[in-house]
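Number of protein chains: 4
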Amino acid sequence: MSKPPRILLTGFTPFGNEVINPSWEAVRLLHDQRIADHRVVAHLLPTAFEDSRRELEAVVHEVEPSILLGVGQAGGRSRLSIERVAINVQDARLPDNTGAQPIDEAVVPGGPAAYFSTLPIKAMLAALQAEGLPVEISNTAGTFVCNHIAYLMLHEAAQRQGMRAGFMHIPYLPEQAVRLPQAPSMAKDDVVRALTVVLRVAARQVIDDRLGAGTLD
Amino acid sequence: MSKPPRILLTGFTPFGNEVINPSWEAVRLLHDQRIADHRVVAHLLPTAFEDSRRELEAVVHEVEPSILLGVGQAGGRSRLSIERVAINVQDARLPDNTGAQPIDEAVVPGGPAAYFSTLPIKAMLAALQAEGLPVEISNTAGTFVCNHIAYLMLHEAAQRQGMRAGFMHIPYLPEQAVRLPQAPSMAKDDVVRALTVVLRVAARQVIDDRLGAGTLD
Amino acid sequence: MSKPPRILLTGFTPFGNEVINPSWEAVRLLHDQRIADHRVVAHLLPTAFEDSRRELEAVVHEVEPSILLGVGQAGGRSRLSIERVAINVQDARLPDNTGAQPIDEAVVPGGPAAYFSTLPIKAMLAALQAEGLPVEISNTAGTFVCNHIAYLMLHEAAQRQGMRAGFMHIPYLPEQAVRLPQAPSMAKDDVVRALTVVLRVAARQVIDDRLGAGTLD
Amino acid sequence: MSKPPRILLTGFTPFGNEVINPSWEAVRLLHDQRIADHRVVAHLLPTAFEDSRRELEAVVHEVEPSILLGVGQAGGRSRLSIERVAINVQDARLPDNTGAQPIDEAVVPGGPAAYFSTLPIKAMLAALQAEGLPVEISNTAGTFVCNHIAYLMLHEAAQRQGMRAGFMHIPYLPEQAVRLPQAPSMAKDDVVRALTVVLRVAARQVIDDRLGAGTLD
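Line by line, the protein sequences are chains F, D, X and Z. Its first residue numbered -18, the first sequence is counted upward by one per residue in the numbering used here. Its first residue numbered -18, the second sequence is counted upward by one per residue in the numbering used here. Its first residue numbered -18, the third sequence is counted upward by one per residue in the numbering used here. Its first residue numbered -18, the fourth sequence is counted upward by one per residue in the numbering used here.
Hint data in this document are derived by calculation from the structure and do not stem from the laboratory. In this text, all values refer to a predicted model and were calculated from it rather than measured experimentally. Some clues are possibly wrong.
When chains are identical, the list treats them as one kind, so a pair holds in a single copy or across two.
Calculated cross-link-like contacts (lysine to any residue; reagent style SDA-like; alpha-carbon spacing at most 20 Å) [stated by the list, open to error]:
1. LYS(-16) / MET144
2. LYS169 / GLN14
3. LYS(-16) / GLN14
4. LYS(-16) / LEU11
5. LYS103 / LEU161
6. LYS(-16) / HIS19
7. LYS169 / GLN110
8. LYS103 / ASP85
9. LYS103 / THR(-6)
10. LYS103 / VAL178
11. LYS(-16) / ARG35
12. LYS103 / VAL159
13. LYS103 / LEU75
14. LYS(-16) / SER47
15. LYS(-16) / ILE84
16. LYS103 / PRO83
17. LYS169 / PHE(-4)
18. LYS103 / PRO162
19. LYS103 / ALA87
20. LYS103 / LEU192
21. LYS103 / GLN82
22. LYS103 / GLN163
23. LYS169 / ASP32
24. LYS169 / ALA111
Could you put the whole structure together from the sequences, leaning on the hints where they help?
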C-alpha cells in the first residue's frame, strides 16, 4: 500500500517585537490532517536566512512533498495575500533572529531574478472569495525571510518533477494587533479555514484558472 | 420578585451597497442573554434618520433600560471603536434608507453641541485589550445615522435618572470585506465576545478608570 | 483713520520627535499680510496645555482679532482638514512640551461639551477644492493641544461680539515625511496658498454655504 | 564634436477616470534639459500595452539613449517609489486605453521571470532623502502598463552594451487628489525636482551604494 502524497506546510518563528507568529499558530493546527488525499506535514522554520534554508532543505529531503506552501506574517496587511512571485534578493529591514542583516544579496547566486508561483493562485483566490474570506493576489513577498523561503521553495520545485510550490502571507492575529494602533488583523479560525481551502484547491488542480486579479501599481 | 435591569443593545439595518450590517449580525446573537444580572434586549434600528429616532423612542419607553449601547458599522476601521462623544449634527454623505440626506441639521434643535458617553469607556477599552481584542477610543462617530442615534441615546439618558448610554463602532465582517479592496474586517465571534465583555463592564462599573487613550489629532 | 480688522493666525512649536512644526512654518509666512482688508497677525503657540492657554489669552487681548484661525500638525493625514468641532476634553497620548499629560480633564471645567466652528467651513472647503487642493471636513481635532486651543478659541469667541473662530489641521511637510514610512505630506507652498484662500473666505463670508461633507463614521 | 549622451525619460497618457497623468505633467518639463552632461529626451507613451511597446521600440531606436527612466502614476502611494524589479506578466485590473485587458500573459514570451533595475536605486534613494523628499524602494511595479514598460525597458537594456534602465512611480498630483477621499498626493515641483536629482545620480554613478531599504513583506 503506497503512502499518500505529502503537502509540506511551513510557518515561521516570531520575529521583531512579536512573541508569536500567526503563521505557525495556524499552520501547526493542520499537521497530520488529510486534505484531498494528501497528508499535511506542518513544519516550523526559524526566521533567519541561513537557518531557514538549511531547515527547508532537510525537511524537503525527508518529507518529499508534492506540494510546498510557505506561510508568513505580513503585519499591516488586512487580508490573506497569495503571492504571485518571489525575487532573488535579500534586503533585510531588520536583523533576522540570528542577527544577520543581508543587503542586496542573492537568495541563490546565479539563480533566476524571480520565480512565479506554481500553485493555481487564481483558483485559490476564487475559492477563498467563495468562502467569504478577504484575499488578494500580491506581487511582492518583500525582501526578508518570507521572500527568501518563497524563492527557495520555488527553486527547489523547479528542479524536481511533480513538485509545486507557493507562498501565502497572512495578517496579524487580533491578539497581536491589540497594541499596534491601526493594524488590521484576522481571526485564527479564519486563517486555518483559508489554509484548508487553498490546499484542497492546490491538491486537486494543476492548471490555473484564467481570472484577472491585477494591480495598477 | 422584581424584574432584572435591562440593557438595550441596538444594531442597524444594512445601508449603502451592503446586504448585511455587522452590527445587527452580532447584536441579535445576544438577545435575551443575561450579562452581569442584566437582561439584554437586542433591537434592530432602521438606517434612517427619522425612523430610527421614532423606533428608539418607542423601544426605550417599552424596555426602560438602565444601559443603552448602540452598535454600528464603521466600514474601513480595523478595530472595535468605543465612541467618546456624539455631536449635534446630521451631515449625510449618502441618502439614508428612506432617501433623506440632511445637511448640517441638528439632531436635536436647541440641544447641546455634544454629549460625552456615560459608559465607562476606558474600563471597557482595558477589558477588551485584556481579551486580546483590537480596540480604540474614537473621538468621532461621524455625522450619519450612527452619530445621530448615539446623540439621541445620550440625550435620552441625560433626562432620566439611572440611565447610561454609549456607542460602539465595529469593522466590516470578513464576508463584506471580500469585495472591498484593502478593507479590514473582524470575525463575528470576536465582535460578539467584545460586546459581552463591554456590557459586563458597563453593568458593573459606573465610575470610569483613569486611563490615557488620547489621539494627537 | 481706523485700523483694519485683524486675523489672528496661530501655529505651534514642534512636539514629539519632530524638529519643525509645519503649522508654524506656513503660518509665519503670512504675518502682516493683508487678506480681504484684514491684517494677519501670525503668532506662535507652545505645544503645551497651560502655556498655550496663557499665550492665547494674552495675544487675543492684545490683537483683538475679529477672526481666529488655529493651525496644527496632523501627522498621518493626507489632506488639509478643516475642523468642524472642538470637544471639552484633554486626553494626552504623549506628554506636552512641559511634560504635562492630562487624562480626561476638561479644557474649561463647566464649559459646554463641544463648540462648533463659527467660520464658514463648507465655503472654505469649496474654495480649496476649486484651487485644486485636497481637503476634507474633519469631525475630530483629537484630544491633545490642538483640540484644546481650538476649544479655547471658540470659547473665547462665544463670549465676544463679532469674533469668529476655527481650526485647521495640515499634513506633514515632505521633509518630515522622509523618515516616516508611508506618511503622506503636503508642500509648504500649497499649505500657504490654502491658508490665504480660507482666510479670504472667512473674512468675506459669515453665513456658511449649505454643502454636504459628511462622513459615515 | 560628438553628441552628448541621451537620457530617455518617459511619461504616460491619463487612464481610468483621470484627465491628466502626473508622470507626463512632470516629465515634459524636463525635455531638452541638460543633466550631468546628458541631454534629456522626454517622451509620452500611451497607456496601452501594445501601443506603448511599439512606441518605446521606435523612440529607443531613434534616440539611442544610454539611460532609460520610465515614470508612471501610482495612485494611492504617498511617496516617490523607485522600482527595484519588473516582472514578466500582464494582468490588467482595468482595460488599457485601447480596451485591451490581458490576464496572466507574458510581457515577453520566453523572457526571464523578472529583471532588476540597472540604475543605482539605493544611491537615488539616498539622494532624494537628502533633498527632503519622501521616497521608498518598491518591490512591485504592479501588473499593468507601468510594469510592462519597466520590463520592456530592462529587456531592451539587457541586450545593448552601455544602456541602463529603471522605473519610478509617483503619487497623484494635489489637483487629482481633490476628489479622491484619503488619497495622498505630491506637488509637481517636488516631483520635477526629484526626477532631476535621480537622473543626475543615474548619469554619474553605475555601481550602486550598499544601503538597506528592505521590506518585511
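| said: My question is about LYS103 and GLN163: at a cut-off of 20 Å on alpha-carbon distance, are they close within one copy, between copies, both, or neither? | reply: between (29 Å within a copy, 18 Å between copies)
| said: Within, between, both or neither: how does the pair LYS103, PRO162 come out at a Cα-Cα threshold of 20 Å? | reply: Only across copies: LYS103 and PRO162 sit 16 Å apart there, 32 Å inside one copy, limit 20 Å.
| request: Indicate which option fits the pair LYS(-16), MET144 if close means a Cα-Cα distance not exceeding 20 Å: within, between, both or neither. | output: within (16 Å within a copy, 54 Å between copies)
| query | Between the shortest in-copy and the shortest cross-copy C-alpha distance, which are at most 20 Å for LYS103 and ALA87: within, between, both, or neither? | reply | between (28 Å within a copy, 16 Å between copies)
| At most 20 Å between C-alpha atoms: does LYS103 with VAL178 qualify within a copy, between copies, both, or neither? | Within one copy only: 13 Å inside, 40 Å across.
| request: Please work out whether the CA atoms of LYS103 and GLN82 approach to 20 Å or closer within one copy, between two copies, in both situations, or in neither? | output: between (33 Å within a copy, 16 Å between copies)
| field | 20 Å Cα threshold - placement of GLN14 relative to LYS169 | value | Within one copy only: 17 Å inside, 26 Å across.
| message | As a check of your reading, is LYS103 near LEU161 (CA-CA no more than 20 Å) within one copy, between copies, both or neither? | response | For LYS103 and LEU161, only the inter-copy Cα distance (17 Å) is at most 20 Å; the intra-copy one is 31 Å.
| Using 20 Å as the alpha-carbon threshold, which applies to LYS(-16) and HIS19: within, between, both, or neither? | within (9 Å within a copy, 57 Å between copies)
| request: Classify it for me, LYS169 with ASP32: is the Cα-Cα distance of at most 20 Å met within a copy, between copies, both or neither? | output: neither (27 Å within a copy, 39 Å between copies)
| request: Check LYS(-16) against ARG35 for me: Cα-Cα at most 20 Å, and say if that holds within a copy, between copies, both or neither. | output: Intra 25 Å, inter 54 Å, cutoff 20 Å: neither.
| message | As a check of your reading, is LYS103 near LEU192 (CA-CA no more than 20 Å) within one copy, between copies, both or neither? | response | within (6 Å within a copy, 36 Å between copies)
Consistency note: the structure conflicts with the earlier hints numbered 9, 11, 15 and 23.
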